[in-house]
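2 protein chains.
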Amino acid sequence: MAFKIIHKDKKTNARVGVLSTKKGEIETPFFMPVATKTSVKHISSLDLETMGANAIISNTLVLHLRPGEKLIKKMGGIGKFMNYDGINVTDSGGFQMYSPSIYISSNDKGVWFRNPMSGEKIFITPEKDMDIQLDLGSDVAMCLDCMPLLSNTKEEIRKAIDKTTLWAGRCKEHHDDKQNKKLKDKKQLLFGISQGGVYPDLRKRSCEELLKFDFDGYSIGGLALGETHIQEMKAIEAHKSVIGEDKPAYLMGAGHPVEILEAVSRGVDMFDSRYPTQNARRGTIFTWDGKIKILNKKYESDKGPLDKDCDCKVCKNYSRAYVRHLLREQEGTGLRLASYHNLYFLQRLLEKAKAEIERGEFGKFLKGFKKRWMN
Amino acid sequence: MAFKIIHKDKKTNARVGVLSTKKGEIETPFFMPVATKTSVKHISSLDLETMGANAIISNTLVLHLRPGEKLIKKMGGIGKFMNYDGINVTDSGGFQMYSPSIYISSNDKGVWFRNPMSGEKIFITPEKDMDIQLDLGSDVAMCLDCMPLLSNTKEEIRKAIDKTTLWAGRCKEHHDDKQNKKLKDKKQLLFGISQGGVYPDLRKRSCEELLKFDFDGYSIGGLALGETHIQEMKAIEAHKSVIGEDKPAYLMGAGHPVEILEAVSRGVDMFDSRYPTQNARRGTIFTWDGKIKILNKKYESDKGPLDKDCDCKVCKNYSRAYVRHLLREQEGTGLRLASYHNLYFLQRLLEKAKAEIERGEFGKFLKGFKKRWMN
Chain B
54 MAFKIIHKDK KTNARVGVLS TKKGEIETPF FMPVATKTSV KHISSLDLET MGANAIISNT
114 LVLHLRPGEK LIKKMGGIGK FMNYDGINVT DSGGFQMYSP SIYISSNDKG VWFRNPMSGE
174 KIFITPEKDM DIQLDLGSDV AMCLDCMPLL SNTKEEIRKA IDKTTLWAGR CKEHHDDKQN
234 KKLKDKKQLL FGISQGGVYP DLRKRSCEEL LKFDFDGYSI GGLALGETHI QEMKAIEAHK
294 SVIGEDKPAY LMGAGHPVEI LEAVSRGVDM FDSRYPTQNA RRGTIFTWDG KIKILNKKYE
354 SDKGPLDKDC DCKVCKNYSR AYVRHLLREQ EGTGLRLASY HNLYFLQRLL EKAKAEIERG
414 EFGKFLKGFK KRWMN
Chain A
54 MAFKIIHKDK KTNARVGVLS TKKGEIETPF FMPVATKTSV KHISSLDLET MGANAIISNT
114 LVLHLRPGEK LIKKMGGIGK FMNYDGINVT DSGGFQMYSP SIYISSNDKG VWFRNPMSGE
174 KIFITPEKDM DIQLDLGSDV AMCLDCMPLL SNTKEEIRKA IDKTTLWAGR CKEHHDDKQN
234 KKLKDKKQLL FGISQGGVYP DLRKRSCEEL LKFDFDGYSI GGLALGETHI QEMKAIEAHK
294 SVIGEDKPAY LMGAGHPVEI LEAVSRGVDM FDSRYPTQNA RRGTIFTWDG KIKILNKKYE
354 SDKGPLDKDC DCKVCKNYSR AYVRHLLREQ EGTGLRLASY HNLYFLQRLL EKAKAEIERG
414 EFGKFLKGFK KRWMN
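Chains as they are written, first to last, in this note's numbering: chain B, 54 to 428; chain A, 54 to 428.
So that you can see chain B by itself, here it is in the shape it has in the complex:
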């Protein structure tokens, strides 16, 4: 089994687990910074080590376009290419069907994208997507999914689920075939992705269809896109009610601290999002007392650290006034310092969550965190 649970919280469904990959083991729950093009924006792999980020996610489709999976394979795979010791996860690119600039159309066979650099049309089938991810050599791969938009009708979402299931089966079959040649402990894990928007009945249906393929984990797709918090949590609960406790659950695209903790309390194990880095670049800084807008005039001569309760190297060395000045000037160093801090904050948040689950006190911690954060 690629996943085992080692601690369960007393009053919530939160759990601490261990996911075993070809690169090594990683404790869940964890948050993955987004390294779309093999680099987290302004953050090096050495920074990821010092902040304790033990997994990151990159994008299959984007890397297929540049520099190409063949180059990365030649360089020893994505982890070696970027000299990253943690777990490399890849997203399939299904999410890019949300990107009008590169998505053209899809049919049962696959998806047409337009290469934004060359203008060339490319056709990505589930099989092709698996081949690319195997070449990239990530430790955890995602099935090519068909993600409906929030604005889609229930009927349209039903069709997206049908396609997602069809593709998931083809992904699994092809991925298994290609991996048989390899040693067991060198296998890339493969996760299915459930769809269904905010409709619990559709989410459950999607999960039921995916379950028969026996994936190593099940991702929750098409959320964190603007639905209400209650809708999002109900969809997570629907997913979990079908998938059960023995498989890791990955809520794709969620990066808000409260959203993450609420999902953890429902048994979600993995997270990724641009939220912390994108917010940082725009001057929104995470603190244990909630977000602050560092560009506000009131921080102009603030000699304190970004967060008084943070021990990251940014908080230990730089003032709010200095980071504010650098962000105002759009200096690369400012983007980096703010990004580092926000990512560090999320890593500590998940570490704290794990410790509280082990103590059986996660529910209390969540309540206390929310009170301070939303104050």
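Treat each hint with caution, since some may be false.
The list makes no distinction among identical chains, and a pair is therefore deemed to hold if it is satisfied within one copy or across any two copies.
Stated by the list, open to error - Heads up, simulated DMTMM-like pairs for lysine to aspartate or glutamate below, C-alpha to C-alpha not over 20 angstroms straight-line: (1) Lys287 <-> Asp254; (2) Lys127 <-> Glu353; (3) Lys133 <-> Glu382; (4) Lys356 <-> Asp188; (5) Lys94 <-> Glu382; (6) Lys366 <-> Asp100; (7) Lys63 <-> Glu411; (8) Lys366 <-> Glu102; (9) Lys369 <-> Asp100; (10) Lys133 <-> Asp355; (11) Lys369 <-> Glu102; (12) Lys356 <-> Glu122; (13) Lys344 <-> Asp362; (14) Lys423 <-> Asp362; (15) Lys351 <-> Glu122; (16) Lys126 <-> Glu382; (17) Lys123 <-> Glu353; (18) Lys240 <-> Glu78; (19) Lys369 <-> Asp138; (20) Lys162 <-> Asp184.
Treat the hints as calculated values from the structure; they're not laboratory data.
Chain B is already provided as a structure; the job is to place chain A on it using the hints.
Same frame as chain B, now just chain A:
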């Protein structure tokens, strides 16, 4: 005395010295990364420490515009503001008279600039420039100078020298007045700047006029702007022939490795330039065997370090192929890794130069370096 020579090379005029500032001592010759807005582009003050960059230069006029010298003073001065332990040098902004986007005009009293953010006109007098630099609290300040363009006639350059001398006297007087209130060992050093373009007679005249003010050091201005190598070296020699050996000489804006070493061999002690960082961002990487254009296709799958003879953290951790990919994608991390390496290279070059001067073998080292670099 703010400057003393501790080693002299045997066959060239190169020397190792110690410059004493209110922040502490620093060995010469040294190269200063450019931190115009209190940040070297993509490089933090912690990076500057790990690469051994013990001095940096910022820009008085740019900081006057944003965030303003009053804020920086309130934050404890430029060194504290950016949490930098090394020596902070400030340039006066005279060089910005080369910038058509902000320079309007100058007269004997001072210079009119336009604030590019607000459109507002501002008048900078030599006295005002000193006040700003004292507020910034840099360890070494520069006089406001009037820099002629390379294309100016000899007569125009002569007029620029007259104005530079006039302003230098006013800078010195005002700076002395303002500093009398302070303790002797807390004094900001003040350097005069010679002009004269590529004409040795004019350069000498400028130096003779400046000498009477007894500055702590003498900068060589208006070079590294496109003149030939021989013209540049002759101008340096003219400057040194008048100023003599007991004062530090600072060649402003020079950052090419060979140019630096040739100037060192003529008794120049300080350097600064955007050259290493700007080149890095454009994919030109310094190695002990000369520059390489990392964006060239031939480095696409090169697993080697940027420079096989470099022990910087970039060379120890990342491949040419990876840095190339990140630079192609204009990822902040790529700009940073390449900038770090090039700056590290120059720091090691100057350390090596010091060691060779101490051994009395600088001339031989220079010859050997040039042979490899230009190969």
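Quick one: which hint numbers does this structure break? Sort them smallest to largest.
Hints that this structure does not satisfy do not exist here, as all of them hold.
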